[in-house]
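Protein chains in written order, with the working numbering: chain A, 1 to 120; chain B, 1 to 679.
Hints in this document: simulated from the structure, not taken from any laboratory.
Idealized CB from N, CA, C, for every residue including glycine.
Check each hint, because a few of them may be wrong.
[Unchecked claim] Stretches of chain A that chain B covers, calculated by requiring three or more beta carbons in the stretch to come under 8 Å of a beta carbon on chain B:
| no. | region |
| --- | --- |
| 1 | 38-47 |
| 2 | 54-60 |
| 3 | 68-82 |
| 4 | 97-105 |
[Unchecked claim] Covered by chain A, according to a simulated footprint, are these stretches of chain B (three or more residues, beta-carbon under 8 Å):
| no. | region |
| --- | --- |
| 5 | 40-51 |
| 6 | 54-67 |
| 7 | 157-169 |
| 8 | 197-205 |
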Amino acid sequence: MATILAVDDSASMRQMVAFTLKGAGHEVLEAGDGEEAYGIAQRKSVNLVITDVNMPKMDGIALTRKLRTLPGYKFTPILTLTTESTAEKKQAGKAAGATGWIVKPFNPEQLLATVNKVLG
Amino acid sequence: MSVDIAQFHQTFFEESFEGLDAMESALLGLDVGAADTETINGIFRAAHSIKGGSATFGFSAVANFTHRVETLLDQMREGSRPVTQDGLEILLQSVDVLRAMLEAVRGDGALPDAMAAEVQGRLETMLATDEGGTVESEGDPQAAPGDGWRIVFRPHQHMLQTGNDPIRIFRELAELGELNVRADTSKLPSLTALDPETCHLAWTLELRGEASEGDVREVFDWVEGDCDLAIEPLGRVEGGGGAVPVAAQAAPADKLPVQARPSAGEGGSIRVDIAKVDAIINLVGELVITQSMLGQVGESMEDSPHLDVQRFEKLRDGLAQLERNTRELQESVMQIRMLPISFAFNRFPRIVRDLSQQLGKKIELKMFGEQTELDKTVMEKIGDPLVHLVRNALDHGIEAPDDRLEVGKPETGVVELEAYHKGGNIIIEIRDDGRGLDRDKLLAKARSRGLVPDGQLPSDADIYDYVFHPGFSTADKVSDVSGRGVGMDVVRRNIKALGGNVEIHTEKGRGTTFTVRLPLTLSILDGQLVRVGDQSYVIPLVSIVESLQIRQRQVSAIAGKAEMYKLRDDYIPIVRLNEVFGDGSPYSTLEGGLMVVAEGDGNRAGFMVDDLLGQQQVVIKSLETNFRRVEGLSGATILGDGTVALILDVAGLIQRFRHGDPSSHASSGPRADQHNAAA
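With the hints as constraints, model all of the structure from the sequences given.
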């Protein structure tokens, strides 16, 4: 069981991600944008960050870059949620220090498979 | 484990509709040529969320359509496509299509196939004119040659800092077949020079099995660009200088979106089912009643002979505090239901824009007081009447550009919407600087319809008021937009049903103002308590004109039965409430009796009561939900002493009186009588 920070401005996506991960026994922290996520990340210790890219206030790319500057997040897996149309976004995420990505749309099973790949 | 995705649909629909509204208002705020990057970003984000959600939750038609919208928006925000009038037009239509699609998949109506196909066609045409270059390149899958693969994997020094761990990659590879790993430690520095956070190792891996090259590459997908990777079939003789590493190109990092500025209305809020709020409001209503009962018990103790003064003081302090807290609690709870009127105003920029194009007029819309709050229920019901009034202003009020120039007005007409609080009401004004109402034309029309008897000249106010009569339109020709004469009467009726009213002020050549007055909420009412027999009734204060003592000589019986009261220049019917409700003994004489003159739906009547009690705010309880619908009553309330008081439906009672209900006295209305008398 791991602590996972799920960041998405869309409540329905966040609900689905959180519900799926909780169902697999993980603890899930939720944030609606990068700023909120960054605040949570500073206070809590997190094993994995899953973040949407397009968000208000602070987007997923900026969040990734900022997280990598925190000592506790140097090696933490960070996955971005991207759509197939934004191929360059995968690379933008990686350039900012993201570990990998999950392509939208995904179903709960795919999400769990990817999460298991980076945990443990 | 299996997750039922349908449970997230409700949230998805709600946020999608909100997203569409946000897209629409942002699109309307965009200037062609000088589009604000942040606004476009916001629109893009909304479309992006809808696409992601609809794909995830299985609404592929919505996702496909949104994909094209998103592509167009993406090109706009990256600056590779200018923001044109045409583009905005298509995007606005797309918002309409998406709204209809989402409503359809939610189960409200049919899929807008024809419309969707048309708009999609236009989107594709536009996208094809200048390919933004977002074609997805699918990695061509290569067939697996029997044996397996030799993989030379040389991570760049920083790879660990992306959170990618080689051991996880190997673990994943091992799932594809039999894996043999050999580490290359030749680049490892001496221990003293070793930086534990960088990667100095390289590996040669041999994978035996059925996996294709595509499968293998997929495992290394995330580290592409962070390593040198060479993959070649096993069993092939290595070329002289060893494998040439395929260095993946680093991504261009210059296209990062500008950091977003928080948009309005994004403060912390939670979504709550309206039924929960109503339940709290109801409970607080009960609490108010309980508090009021306790207060009365406390007061009555004051007269008790065995009063413990000290304890009574404490009790009274406590009760006073309870009253204060209850009142504050009630106000805060009512506040939850309050929404800024911008929710109702938001649709107007779009309507004005579309209509002025359709009508060939130049019209500027100005809105004031959008943050003025009112009850959600009132808001929902006032939307359509407001739309009607605004359409009227656009169609009938504002003149065509040429006509305006001719009379020395600026070419562009102005329609203003303003909302503000006044007393316990919200006032909404719809003003235009158009041609105003034509008094003579209205009068002629009223005469031709027999509304005004020959020889009688109504006041100007009365003449203008005729626009609210059913089937009354002064438009010379019926247009698509309005002018069919249905509507203004409905507008007034709907507003009256909410306990408000609408008035009209107009000046020929200068413009027209409609003033809509509405109660802030439908759950509280300012009432006049009256006694009839041994029962208390509430008459809504808003409908009361005056209260007076009856003079017998002013009473005349018309047509044998109907009792009319001569109130200055008017005759109003007398409603004997004791007989209507079968309460109390019949009056021997009317002289000196109390009569409350009240108005409903533009008609007046005098209501006979036995006593005028206090005025107070009452919490309205629905009779329909708690008992059943009763004619002549609009609801009930519970008074401080715990007794129930019924709330009179003034308009309904007058209506019933005019239509000759057997239980009532009069059988004809005041106006009809007046007209007969005049004729």
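Tell me the numbers of any earlier hints that the structure contravenes, in ascending order. Structure breaks hints 1, 8.
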